[in-house]
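Visitor: As they're listed, the protein sequences go chains Z and V.
Anchor point for the first sequence: position 167 equals 167 in the numbering used here, and the numbering is continuous, going up by one each time.
Offset between the second sequence (1-based) and the numbering used here: plus 1000.
Derived from the structure by calculation, the hints contain no laboratory data.
Cβ coordinates follow ideal geometry from the N, Cα and C atoms, glycine included.
Take these hints with a grain of salt, some might be off.
[Said to hold, decoys possible] In silico negatives: residues of chain V with every beta carbon more than 10 Å from chain Z: (1) Glu1008; (2) Lys1017; (3) Asp1046; (4) Val1076; (5) Asp1089; (6) Phe1093.
[As the list claims (entries may be wrong)] Just a few of them, taken from the derived set where beta-carbon distance is under 10 Å, the chain Z residues facing chain V: (7) Leu185; (8) Asn186; (9) Pro263; (10) Ala307.
[As the list claims (entries may be wrong)] For each label pair, taking beta carbons as the anchor points, the in silico distance ranges come out as: (11) Asn1007/V x Thr71/Z: 58 to 66 Å; (12) Val1076/V x Asn42/Z: 44 to 52 Å; (13) Arg203/Z x Asp1002/V: 48 to 56 Å; (14) Gln1027/V x Pro140/Z: 52 to 60 Å; (15) Asn1079/V x Glu285/Z: 54 to 62 Å; (16) Asn1007/V x Asn260/Z: 26 to 34 Å.
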Amino acid sequence: MAFNLDMHCEMILDEYRQRQTTYEKLKNVVLETLTKTLHDNNMLVTAVEGRVKTEKSLTGKLELKGHKYRTIDDITDIVGTRIIAFFSDEVDTISAFVEKLFEVDWENSVDKRKMLAIDRFGYMSLHYVCRLPAAIYSDPSMPLLNQIRFELQMRTALQHVWANMQHDTGYKSQVEIPIEYQRSLNRLAGILELADEQFSRIRKEINDYRRNVQSLVASGNFDEVPLNGDTFRSYCELKPFNRLAEKIATINQAEVYEDNPMPYYKVLRALGMETIGDVQRMMNEYGEGAYQLALIQLAGTGLDIVASSVALQNLCIVMILKKGYGEAGLNRMFDSIYGQSDYNAQRASRIFGQAQRINLVN
Amino acid sequence: MDTIITNEGTKTMVKLKGRLDTTNADQFQHDIQPLMECKDPDIDVDCCDMEYTSSQGLRLFLTLQKSVMSHGGKLVLRNMKPQVKEVFDITGFSNIITIV
């Protein structure tokens, strides 16, 4: 495509060429600053990305509406950056970080999420025009670094999908697309907006549920707490097996290395436990047996380090034997935790023999 | 205790032979030190000729495991004799380290 720029636009283009290094530097500093801030605040996002407008794209823009710009500084999206969040409510959190980090040019910033009429669906994104404060980064050889404005878009992944599809199919196109396709795109925008809202709502409900479970577990009303992955994890945060692990450690004056008891969750479920109260009862009922088993295995070995999960491991072993599931039950437990192997049968047989000697087998 | 380390493509193969106890734990630690400096380590330890490990050995395997995890890698111990595997089992270390 041949471009016909007037002298004013050619001057803007020359200025652009001279500033290329500064633009690239500005983009990189902004992206690094955003990435670090999100990381430091434990915010997971889909992407942090940026680009410097190409000469071809700028030329096209100048050809279309060059008369609008007095100087190159009036073009605020030469450096464009973007944060793509997972959830719609996170866009507001991210914008709060951005407002603290950069100087926001409020006159030129727009919240396109609030610009659509109630019966319209379409482009939903938060656009800030910002400057990089010298307090974050400055370079005496690039004084414009803190003066040039850049654009920062914040949107969800679904808003991003829609924006890209719209861009590819219609926006900026030379050929206007038929109304039925535009209508289809708008219907899709409505669905995506609904999906965004639902994802945020579901996430909030899951978080509320987890908080509720944590407070139930912390209150000690264990019989009211159903046993599932979340409740067991919260229960484990109370370190309920540590006392038994410490007792086992006294056999050889051993050090206890704290590890993750979660692999035993499926064993507890297979043993028919339905509430955290059942786990608590297992500990009260079989704790002594679990210790006796450790005693027969560890005494005299000189092994002076144990993993804390050995407590739950032995509790499960004792419960399996006391419930009469025998060697086969032990073998099944090992298969479910470590995967099937011939060794599991040998181990089950060895433990069964040890347990018989100390009357742990029913 | 003999430690032989070789590389096969992106995988590091370690072969252990003999007893790992207080008399040779320092040497073993020295031998495996380079493995703790690898990026994305993929370490396969063949224990078929290993006769015994003491708690010193368990500690060193634990240190190696932590280092491998922190570098986003993988550590697998394989072909353990039953008497060696029993040490990992009764201390609960089978729950920490992948043994196949």
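Visitor: Could you run down the list of hints and mark each one as holding or not?
Guide: To see whether the hints hold, each was checked on the structure:
Against the 10 Å criterion, Glu1008/V stays outside the reach of chain Z, whose nearest CB is about 24 Å from its own CB. Once the 10 Å rule is applied to beta carbons, Lys1017/V is consistent with being away from chain Z; the minimum gap is 21 Å. Listed as outside the interface, Asp1046/V is consistent with that label: its C-beta sits roughly 16 Å from the nearest C-beta of chain Z, beyond the 10 Å cut-off. With a least beta-carbon separation of about 12 Å from chain Z, Val1076/V lies farther than 10 Å from that chain, consistent with its non-interface assignment.
Its closest Cβ contact with chain Z, about 6 Å, brings Asp1089/V to no more than 10 Å, contrary to its assignment away from the interface. Non-interface status of Phe1093/V relative to chain Z is broken: a Cβ of that chain comes within 10 Å, the nearest being about 6 Å off. Given the 10 Å rule on beta carbons, the hint for Leu185/Z is violated: about 41 Å separates it from the nearest Cβ of chain V. Interface restraint check for Asn186/Z: the shortest CB-CB distance to chain V comes to about 44 Å, outside 10 Å, so the restraint is violated.
At a threshold of 10 Å, the smallest CB-CB gap from Pro263/Z to chain V is about 6 Å, leaving the interface hint in force. Interface restraint check: Ala307/Z against chain V, minimum CB-CB distance 3 Å, threshold 10 Å, status holds. Taking the beta carbon of each, Asn1007/V and Thr71/Z are about 60 Å apart, inside 58 to 66 Å as hinted. At about 31 Å, the CB distance of Val1076/V to Asn42/Z disagrees with the hint of 44 to 52 Å.
One distance hint, 48 to 56 Å for the beta-carbon pair Arg203/Z and Asp1002/V, holds here, with the actual separation near 54 Å. Look at Gln1027/V against Pro140/Z: about 55 Å separates their beta carbons, and that is inside 52 to 60 Å. In this structure, Asn1079/V and Glu285/Z break the distance hint of 54 to 62 Å, their C-beta atoms being roughly 38 Å apart. For the pair Asn1007/V and Asn260/Z, the beta carbons lie near 31 Å from each other, so the given range of 26 to 34 Å is met.
This entry does not satisfy hints 5, 6, 7, 8, 12 and 15, going by the numbered hints stated previously.
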